[in-house]
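Protein chains: 2
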Amino acid sequence: MLSVDEVCSLIDREVRPGPPVRLPLALALGHYLAEEIRADADMPAFDRAAIDGYALPENALPGWYKVVGEVTPGMPPFSAPTSGTAVKIFTGSALPGSGVGLVMVEETESEGQKVLTRVAASGRHVRARGSQAKRGQLLLAVGTRVNPGAIALLASVGVTSPLVSNTPKIMHLVTGSELVGADLDPSAGFIRDSNSPLMAALIAEAGPGTLTQRRGSESVDEAVDALESFDGDMLLISGGASVGAYDGSMQILRRLGFAIHCSKVRSRPGKPLLFATRDRCAAFGLPGNPLSHFVCFHLFIRRTLDIMWGRVPQRMIRVHLDGDRPPTDPRETWWPARVSAEAGSLIAKALPWKDSSDLTGLALANALLRIGSSPTNGMFEALVFGNFVP
Amino acid sequence: MLSVDEVCSLIDREVRPGPPVRLPLALALGHYLAEEIRADADMPAFDRAAIDGYALPENALPGWYKVVGEVTPGMPPFSAPTSGTAVKIFTGSALPGSGVGLVMVEETESEGQKVLTRVAASGRHVRARGSQAKRGQLLLAVGTRVNPGAIALLASVGVTSPLVSNTPKIMHLVTGSELVGADLDPSAGFIRDSNSPLMAALIAEAGPGTLTQRRGSESVDEAVDALESFDGDMLLISGGASVGAYDGSMQILRRLGFAIHCSKVRSRPGKPLLFATRDRCAAFGLPGNPLSHFVCFHLFIRRTLDIMWGRVPQRMIRVHLDGDRPPTDPRETWWPARVSAEAGSLIAKALPWKDSSDLTGLALANALLRIGSSPTNGMFEALVFGNFVP
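Protein chains in written order, with the numbering used here: chain A, 7 to 396; chain B, 7 to 396.
Because the hints were derived from the structure by calculation, they are not lab data. Ideal Cβ positions, reconstructed from N, Cα and C, are used throughout, including at glycine. Any given hint could be a false lead.
Unchecked claim - The list that follows gives simulated cross-link-like pairs (lysine-lysine, BS3-like), each with its CA atoms no further than 27 Å apart: (1) B:Lys270 with B:Lys175; (2) A:Lys94 with B:Lys175; (3) A:Lys175 with A:Lys94; (4) B:Lys277 with A:Lys360; (5) A:Lys94 with B:Lys94; (6) A:Lys140 with B:Lys175.
Stated by the list, open to error - Sample of chain B residues with no beta-carbon within 12 Å of chain A, all distances over it, derived: (7) Arg19; (8) Arg151; (9) Pro154; (10) Ile323; (11) Val345.
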């Protein structure tokens, strides 16, 4: 029986990212860069006006000037104003030549083709070429999550199909003779399948992945037949709740040629966890109850996806516990919790949790508290989830 | 000129959510519930075995028992074991009748059709009917974000098309004669349009919305013609950088029949902000530079979407500042920052930011620091974003 940390080390050792792919920019949101991005030109590429006003020879003193032209954004460069003249200019326009200063429109009065400036023309309102970044400068490192800011930066340097890490192809087989679809009214002894929609949502919220799901009370033979042609990156088998179903998952994986690295983990919930690999494909056999799915996803499957995405696995953070400490257990326990920010500190509240089939608190959970080792300075470790906002 | 808080109050006053809709469960992830969800039956709906083992009359003492049957998950209820008999049972199965106790398989030895129990049969390993929730009990409140835990809970109570808040229809018009598409090499004086992909990504990351985008250096007449048939929930106009373009956005909104509630906000960046409404449609006119887009989105557009989604607008949190305090300005300043969790505290680092066209730091930003009023206990207010993970 391995510890959670030992299973994580196994995952780190066995899982490798697949080959990166190019995606159109609009589809790259939430993916991870597999190439570094450098400035394709100085940023900005030319001296730009940061105000609406007038361009004059640099340091031209206050006084009357003849307006000899006008530059608007997107106009090709204009010739520089000579002594005694000014060029009207709008924010974002290229400066007319070098040796030019600006006066804000608010510091002027215009009369016909003449303008009166009340301050000297200066470079204060010029966004100089290369002031944000020089051509070739590193803008985004490999492994950066493509968030909206990165999308804007990629567009601004003309990268419309960035190289991003592999999008894992995932197959999820849900077994369990007690399950019916969520759209059915279960008769006595049956329950609705919540593991299929739960796993689909966990993967969708975590990041890129294409998922195929299959549910049925299949024999090992039938499952092996159905899965034999799958050559994706991750295979998930949700077992039924019982030991027999667990044995079935192990047999399926063995017959498909997977090497089993772990069959039990010393954690609560999630004890009978299978972790196996075959070439680039990682497989997990999960205990049938939803909370085990939830916890095993965040501890192990998310970590495997992180590696496939080419990013550093999510680290645990320390939080202060408000309220009662959840009960300890010989096994390390991962307790659903809600973490929030109060006056600059991270405060966790343990959520009610009856047993491993209890889903009622999960919608409020944004973290799992690690209950086992003694708290350090009264703080516990916590793994927070995707859309955590304190 | 209004303060940021005043604009937020205006938004709270003027924006109303649209009518809710039903979505298939698989598409409801990230939406907000517009109905409360109650247990459709006791949860669990029947007494279930939480272990693999044997069912015996409750309190049956250790000893030899005749095994008279076997219940597996999904089997219809089995008759209760009579005195001297046991029924083999697997985790997740319905208990055979009432007045039944369980013994874990690990506490037994079996021999042919007989089993030896080493402990008394008890209710300890029974998940009693209704122990997680009683029929009719509130499980999810109106306004709950449909996260993976909520998806699992909805599936388990048979809600396969939940009522969720309106998905706003958004139109984004990007003007600016200096802009070319991100796939082009801009000639002198032009820049690539990063505002279109930035806004699309900000909306996609924040939550549900269907977006149409249009870019062109159009006249006011052309823009009015193009927008006249739009009857969605939100209209965004990205102006060019200059005052002329700003005036154009205001003219477009007026001619489309919008009431202008705000034309300038005392914030840096984002000063020339337009906020207008017409019936259920909210409109924003944004200054042309990307950082203003970024900041106005998080301060104002996100808040408007929050209201349309039927949820409480995101609150600001307090964070400790590590490193130099960004420079103050007569206007309240919103400075890009990176917030992380260190030993139970939230620590913000201000990111480099040259000017309002500077995108280079945005990919690292997960918060905006409010720089203006004096810090309280050395802490600043911060607005953190969607996928913030400390």
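Going through the hints against the structure:
no. : hint                   : verdict
1   : B:Lys270 with B:Lys175 : 25 Å, holds
2   : A:Lys94 with B:Lys175  : 40 Å, violated
3   : A:Lys175 with A:Lys94  : 57 Å, violated
4   : B:Lys277 with A:Lys360 : 52 Å, violated
5   : A:Lys94 with B:Lys94   : 91 Å, violated
6   : A:Lys140 with B:Lys175 : 39 Å, violated
7   : Arg19                  : 25 Å, holds
8   : Arg151                 : 8 Å, violated
9   : Pro154                 : 4 Å, violated
10  : Ile323                 : 4 Å, violated
11  : Val345                 : 9 Å, violated
In the structure shown, a violation is registered for the earlier hints numbered 2, 3, 4, 5, 6, 8, 9, 10, 11, in ascending order.
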